[in-house]
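Chemist: Chains A and B, in that order, are what the protein sequence lines are.
Position 224 of the first sequence, counting from 1, maps to 224 under our numbering, and the rest follow consecutively.
Convert by adding 262 to the 1-based position in the second sequence; the result is the number in our numbering.
Hints are not guaranteed to be accurate.
What the hints assert, rightly or not - Restricting the straight-line Cα-Cα distance to at most 30 Å, the calculated cross-link-like pairs of lysine-lysine (DSSO-like) are:
hint, chain 1, residue 1, chain 2, residue 2
1, A, 91, B, 515
2, B, 389, B, 306
3, B, 389, A, 91
4, B, 465, A, 12
5, A, 12, B, 306
6, B, 410, A, 16
7, B, 510, B, 275
8, B, 510, B, 579
9, B, 389, A, 12
10, B, 510, A, 91
11, A, 91, B, 292
12, A, 91, B, 282
13, B, 400, A, 12
14, B, 579, B, 515
15, A, 91, B, 296
16, B, 400, B, 296
17, A, 91, B, 400
18, B, 362, B, 292
19, A, 16, B, 421
20, B, 392, A, 16
21, B, 457, A, 12
22, B, 457, B, 579
23, B, 389, B, 362
24, B, 400, B, 410
25, B, 275, B, 296
26, B, 457, B, 512
27, A, 91, B, 392
28, B, 457, B, 510
29, A, 91, B, 579
30, A, 16, B, 457
31, A, 16, B, 465
32, A, 16, B, 389
33, B, 292, B, 282
34, B, 410, B, 457
35, B, 306, B, 362
36, B, 392, A, 12
37, B, 362, A, 91
38, A, 91, B, 275
Simulated from the structure, these hints should not be mistaken for laboratory data.
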Amino acid sequence: MFVMGLFWEYMKNYAKTRLTYRADFWIEVLSDLLFQGLNLIFILVVFQHTDSLGGWSQAEVVFVYGYFMIPYGIFNTFFNLWSFSERYIVKGEMDRVLTRPAHNLVQIVLENMDPPSLIGSFIGMIIVGISWSQLGMPFELLDLLIMTALVLSSVMIYAGLYIALTAVAFYSDSPTGILPLMYNIQNYGRYPVGIFNKTIRFILTWVLPFAFVGVYPASYFLERPGIEGSMAILTPVVGLVFLFIGLAIWNHGVSRYRGAGS
Amino acid sequence: MSANIAIDVDRLKKQFRVQKNREGLAGAMKDLFKREYTDVTAVKEISFQIPQGEICGYIGENGAGKSTTIKMLTGILVPTSGGLRVNGHIPHKEREAFVKGIGVVFGQRSQLWWDIGVIESFQLLRKVYKVPEAEYRKRLTELVERLKLADLLHRPVRKLSLGQRMRCELVAALLHNPSILFLDEPTIGLDILVKTEIREFLKEMNQEHGTTILLTTHDLQDIEALCSRVIMLDDGRIIYDGNLTDLKTKWSKGREIQFQFGTQVKLPQLEQLTAGLEGVQWKLVNEVTAVLWLPMAVNVSDAMARVVVVGDIRDIKIFETNTDEIVREIYQTEKTPT
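Looking at chain A on its own, in the form it has when it is part of the complex (with noise of 0.2 Å):
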């Protein structure tokens, strides 16, 4: 209740902010947009060369896509955490954080809230659901609860992974650009991981499981057979576990905090 609160004020104060720059808004939202858009062409782009990927069809593929845009909408509004070293540590605002008596992530994850990511989410859901009547896949109610679940086991996954490597600024002086390389690597997560050979499926199932992010989530409802679809019901599982992990590496980071010059 009370983070719930806290969300409400920071959300206001960020609306009041963002306002003044109406256009700054708009362009962010648009480039997002774009950027989203041309992962799909490229889908559509493939599949005027071939009918199936790994025998998976276009409508399956897009769907696996539309579900991936929704953790990952979410996980950008809320983990945007890209100039944390900069700015909390080199330029000391963890000092700030630390003093007032809210859990320092939540502090954090509120200042750099940047909700115009949430429309990624609903493109996501809109191609979910286009794509769900093309494949004439059955609806029911309890579809749309198991998908609310996956959805926040992925946005774990997501978080812990983030918090983990956000926090090696707590260990590093200069963290080295490993952010970059996991936001390619993120990319593999949204295909079929059967068409990867055996080492990248591993890495993408347990040690970076992007593949809990969109493959196998989304398999579930396509019900697609062999382990795409065994592996959906791990996802909640592997996002407790992430979580945790990311959790105890970013508390234990801050014990080590040293605080910047005087």
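Put chain B on the given structure of chain A with help from the hints.
Modeler: Showing chain B alone in chain A's frame:
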């Protein structure tokens, strides 16, 4: 431990591990594979206790360990070893419960949100600290009146002058009525008017609400105006802990008395007057004015009694060594190896 101790520090120590950078390109290459570290101890097992309602000044040169101590006391840094209790809490362990009872102002950094109006920052802080609406209103009205902020409340922080911002920072730190206030260089860069205003305000807060205040500063006027007690730090160790008067008597070596005579005086004549007094020294300023330097061991009245027999004295002035000089003296003597 008695209940009215606000801050209890027991052999507190903080060690940082610093990476050694070797020189030149070859050194950098070596660093890439095998790093060398040195341990730097910023705070070396210091102990002190501050009772509730005290205003304590924490002084020392840059790098003496002041900020590191404050950051440990406020729960920002985790101590390497030693005991620490503030308001009955161990700061870094029960951080969220602990910080509700303290207020923090870092002179060099803002606690407020840069882009939104001051009042909006306060509202947000009210939510963060869970201050009830009625109490918040009452407190805000009081603080705004005291610090004369009514006109500034709706301006964004980035458009405030440093003095205005600093006063807003104080309000932000006090909205939740903390029992201890930590100030890290609160008057840095401010003009004399704002400085005085802030000092007055802090004094009032201390007297009316019994707020315990610990402040670090480089401006000894802050200390003279506010502090009943001074802790002086050098190279991570406490070199003095006591009140300001004692600091002066302990470290100042003497004082000066300036005499203005009605007639021309000569040095040997004056020296003869005070013959027998250990360590005194005369200096002629001009033909009729002379300065007598007295070590602490010699009473002012003794010296005066000797001199007044001359008869024709127009004026007498006594100069205490000022705190700045004393502190400079202490820093310098600490630097010379013992």
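Chemist: Which earlier hints can't be squared with this structure?
Modeler: 1, 2, 4, 5, 10, 16, 17, 18, 21, 29, 30 and 31
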